[in-house]
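**Student:** For reference, the chains in residue letters:
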Amino acid sequence: MIINLLISSFITIFIAELGDKTQIATLTLSGNSKRPWAVFLGSASALILATLLGVLAGGSISTFIPEIYLKLIASITFLIIGSRLIYDSFNLDENKTT
Amino acid sequence: MPKEKDELEKNFLSIFITSFTTIFIAELGDKTQLATLMLSAESGRPLIVFIGSSFALLCSSIAGVLIGKWLSSMISKERLSFFTGLLMTMISIWIGYTIYTIYY
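Residue numbers (my numbering), protein chains in the order written: chain B, -11 to 86; chain W, 413 to 516.
Please keep in mind that the hints were generated in silico from the structure rather than gathered at the bench. Since we're looking at a predicted model, the values are computed, not measured. Cβ atoms here follow ideal geometry from the backbone N, Cα and C, with glycine treated the same way.
Simulated restraints on C-beta separations:
1) L478(W) with L80(B): 18 to 28 Å
2) S488(W) with I64(B): 27 to 37 Å
3) S(-4)(B) with R491(W): 34 to 44 Å
4) L478(W) with F78(B): 25 to 35 Å
5) L446(W) with I64(B): 14 to 24 Å
6) I429(W) with N79(B): 18 to 28 Å
7) L470(W) with A45(B): 17 to 27 Å
Okay, the calculated bits of chain B under chain W, using three or more residues with CB under 8 Å as the criterion:
8) -3 to 6
9) 12 to 19
10) 56 to 65
Based on the sequences and whatever the hints tell you, model everything.
**Tutor:** Here you go:
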């Protein structure tokens, strides 16, 4: 019973998470930094904390903060990181040619 | 030498904080968290669900880190940051679009 539940939570979450935006963000952060361990520790602890909140709250965090704000903040964060990376990529190019 | 070490540690901390905040914000209210919530409510055994899903998330973030490292050894730094930047911007637009479809 316990093992079944353990396995089914593992499989559900693992499949839901594959190729998700969180994983893409982890991939991006680790590919563009020299410290994959820092990225791993940061993202792992964030994920565990978010899960803990999900399990404990009994209602999602969206009962305290409206979902629209959460999504808006996530969207803005991704936009900032994305545009900074694109900007960096052109800057690196220039450094190379000069 | 100590100065160099300081710089490295600062780097570690800032990368850690960046990853933590980005992932934490992205994950709040995400479908994964909703699935965890549903599983824990349905089974009445939150601790087991917590262990199972934490482990799954650990595995998926290890996979993400490894794929990122592998990509960075395959293609040039400029190109990687351009494409990942483009990907992040697209995700941002997609999240924006879901906000639009849900609320308007």
